[in-house]
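**Student:** Sequences are here, hints too, so could you generate the full structure?
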Amino acid sequence: MTDLTTPLAGTATADLPPSAGRVAGRVRAFLHNPTALAGGVITLALVLLALASTFGLLPHDPVAQNPPARLKAPSAAYWFGTDQFGRDIFARVAAGVANSGLIAVTAVAFAAVVGTLAGVVAGFYRGSSDAVISGLTNVLFAFPPLLLALSLASVFTRTWFTVAVAIAIVYVPIFIRVARGPVLSLREIDYVRAATSIGEPRWAVMVRHVLPNISSIVIVQVTLALSWAVLTEASLSFLGLGAPPPAPSLGSMIYESKTLVTIAPWTMVAPGVVIVLFVVGLNLLGDGMRDVLDPRGKDWR
Amino acid sequence: MRTLLRHTLVRRLVTALATLFGVAVVVFVMLRAIPGSQITANLGIETAALTPEQRASLEAYYGLDRPLVVQFFSWLGGLLTGNLGWSSRAHTSVLALTAQALPVTLELALLTIVLSLVIGVPLGMLSASKPNSARDAAGQVVGLAGLSIPAFLLATALLSALSAWLHWNPNGAGYASPGKDLGLNLEQMVLPALTLAFGIAAPIMRTTRSAVLEIRSEDFVRTARAKGVPPRRLQARHVLRNALVPIVTMTGLQFGYLLGGAVVVEQVFSLPGIGRQVLLGIQQKEYATVQSTVLVIALAFVVVNLLTDALYRLIDPRVRAA
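Order-wise, the sequence lines are chains A and B.
Under my numbering, the first residue of the first sequence carries the number 644, and numbering increases by one thereafter.
Under my numbering, the first residue of the second sequence carries the number -16, and numbering increases by one thereafter.
Incorrect hints may appear among the rest.
Said to hold, decoys possible - A few chain A residues that don't get close to chain B, going by computed Cβ distances all over 12 angstroms:
| hint | residue |
| --- | --- |
| 1 | L674 |
| 2 | V690 |
| 3 | D930 |
As the list claims (entries may be wrong) - Partner residues aside, some chain B positions facing chain A, computed with beta carbon under 10 angstroms:
| hint | residue |
| --- | --- |
| 4 | Y44 |
| 5 | S131 |
| 6 | A134 |
| 7 | A147 |
| 8 | L149 |
Stated by the list, open to error - Label-pair ranges, simulated between beta-carbon atoms:
| hint | chain 1 | residue 1 | chain 2 | residue 2 | range |
| --- | --- | --- | --- | --- | --- |
| 9 | A | Y768 | B | A293 | 58 to 68 angstroms |
| 10 | A | G699 | B | E201 | 53 to 63 angstroms |
| 11 | B | A1 | A | L760 | 44 to 54 angstroms |
| 12 | A | G842 | B | A1 | 33 to 43 angstroms |
| 13 | A | L903 | B | R118 | 34 to 44 angstroms |
| 14 | B | P255 | A | K901 | 16 to 26 angstroms |
| 15 | A | P702 | B | L33 | 44 to 54 angstroms |
| 16 | B | N152 | A | P711 | 25 to 35 angstroms |
The set of hints was computed from the structure by calculation and includes no laboratory data.
C-beta atoms are modelled at their ideal positions from N, C-alpha and C, and glycine is treated no differently.
**Tutor:** See below:
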C-alpha cells in the first residue's frame, strides 16, 4: 500500500464507519430508534434510582438493621419487602445498582481509555509496538473472562476499586482489538497520509484525524462493555469476591436469598428482576447505538 | 496447497506457544504479587510470629530468595515435567486434583454445547426465514433474555424452585461420576447444562441468523433457486453449509469460555469441576492450586481455539486457499 498513485477510496474506506454527522441528527435518529429509546429509558430510570440512593433520598437506609421487621412481604412501607435482618430491600437494591454502576463505569472507563489508546498506537505505528500490544492482547484473550477477573480480584485486598481494576483488565484487550482494526485502514487513507506528509506530528494526526473516526465504534463498544461489566461484577459478588460487605450488591443479595427464597421469595425476585433490567437496558442501548452510529456493522460483535 | 496449509497451521502453532508462554508469565506475576504467598498460605496468621531467621529459612526453602527469573523458570520447568504443585488441604498433588476435575467440566461443556446448538441454530434459521416478522422479533427477545439473565441467577432460581416445589435436587447428595452411576450423573448434569445453554444459545442464535441472512442474498443462492433447487435442499446444502463457518467459530469460542466460565454454575450445583477448583483454591488461599489450574484452563482454551481454526479450514476450502 505504498503506491501513492493508487486511488484508495474504494478499498480502504470500505470497512470504516460513516464519518461523524451533526449531533442533532444523531439525537433524532436515537429518538426514532425504538431499541435505543427503550434501552435509554430503562438505563436512565436505574441511574436516577442509584442517584436517589447515593444522596439519601429514599425512605429507608440500605444497611440499617431492624429485627422486628424481619422478612416482611412487600407493602406500602417496604416496597420490595425486607430481608432476614429487617433491612429494606428496595433501599438495598437501589444501593446495589449504585455500587454495581460505579464499579462498571470505572472499569469500562479505564478499559476504554487504555485499550483504545493502545489499539490506536498499535494500528498506527505498527512495527514493534504493534507486536508487543497484539501479543499482550492474545495473552489476555487466552483466559476465560470471568476466570481472569476472579483471579485478579483474589490478588488484591478487596475494595470496590480493586474489583473495578480487575474487571477493567479483562476488557482492555477488547478495546484494543476494536480500535486497532479500523486504524489499520485509516492510516492508509489520503487525508491521513496528507496530514503526515505535510509534517504534522504523528500524535497530532492520531488525535485530530484518527481518534474522531473511531469514536462511534468505541462509544458502541462502551455501552455493550458496560452490560458485561455489570454482569461480571454481579457474578464476582455472588461468588463472594466482589466489594466487601456491608456494601449492598445485587450479586451477594441473590446469594443470600438462596436459603430464604421459599419463605420470602421477594428476597430473590427483587434483586433478580433489577439486575436483569439493568443488563437488558444496557444491551438495548448498545444495540440501538450501533444501529444509530454504525449502521454498517449490525452483527460484528 | 498442502504445504501452504501446513505452513499456516505451523504458524498458528508457534503463535499459540508464544501466547502460552505469555500466559505463564502473567499467571506467575499475578500470583507473586501477593507478598510471601506460599509462606502465608501454609502458616496463615502464624506467619506474623516468625522470627526473621525463621522467615529467611522458609523463603530459602520455597526458593523465594532467588531472583524472580530463576523462580519463574524453575516453576515452568516443574510444570513441563508434570509437577503442578501440592495441595496441602486435599493432601494430594494438584495434577491429581486436575485430572479428576477436568473430565467433569469437559462433560458439562460438551452437553452444554450440544444443547446450545440444538436450541440456537434452528431458532436462528427460523428468525432469518422471515426477517422483521413476529417470529423474528420473538427470536430476538429470547436472544436478549439469554444474553441478559445472569447464569448465577438462573441457576439459583432453578435449583431453589425445583428443590422446594418438586423436591427434586439430584445435586444435593454428592457428585456421581458417569462411570459410577451414569443415570444419576446425567440427572446432575441436566440443570447446569440447561442453565449454561440458555446463555450460550443466544450468541449462537444471533450468529446463525446474521450468517443465514447474509448468505441468502448471495448470487449463488439466487442461481440455485432459479435452477429450481427445492427449498429444503437449498436451506441445507447451500445456505446452512456456508453459514457453518461463523457458527463453528462462535461455538468454539463459547466452548473455550465454558472451560473456565462454568465456575458459577459448578459452584451453585456443587459440581467438582475445574472452575470450582480455582474458586476453592482462592477461598483456601492455596496459590499453587490456583496458579496451576488457571494455567491448565488457559492451555485448554488455546488448544480449543487451534482446533476450531483447523475445523473451519476443513469446512471452508476458501480459508484453506487464503
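**Student:** Are the hints correct? Go through all of them and say.
**Tutor:** Going down the list of hints, with the structure as the test:
1. L674: Correct as stated: the minimum Cβ-Cβ distance to chain B is 20 angstroms, above 12 angstroms.
2. V690: 17 angstroms, holds
3. D930: Incorrect as stated: the minimum Cβ-Cβ distance to chain B is 8 angstroms, not above 12 angstroms.
4. Y44: 23 angstroms, violated
5. S131: 4 angstroms, holds
6. A134: 8 angstroms, holds
7. A147: Since the shortest Cβ distance to chain A is 4 angstroms, the answer is holds.
8. L149: This interface hint is violated because 12 angstroms lies over the 10 angstroms limit.
9. A:Y768 with B:A293: 58 to 68 angstroms: The hint (58 to 68 angstroms, Cβ to Cβ) is violated, given that Y768 (chain A) and A293 (chain B) are roughly 33 angstroms apart.
10. A:G699 with B:E201: 53 to 63 angstroms: Because 60 angstroms falls inside the window, the suggested range holds.
11. B:A1 with A:L760: 44 to 54 angstroms: 24 angstroms, violated
12. A:G842 with B:A1: 33 to 43 angstroms: Since the Cβ atoms of G842 (chain A) and A1 (chain B) sit about 38 angstroms apart, the hinted range of 33 to 43 angstroms holds.
13. A:L903 with B:R118: 34 to 44 angstroms: For L903 (chain A) and R118 (chain B) the Cβ distance comes to about 39 angstroms; the hint holds.
14. B:P255 with A:K901: 16 to 26 angstroms: 19 angstroms, holds
15. A:P702 with B:L33: 44 to 54 angstroms: 52 angstroms, holds
16. B:N152 with A:P711: 25 to 35 angstroms: 33 angstroms, holds
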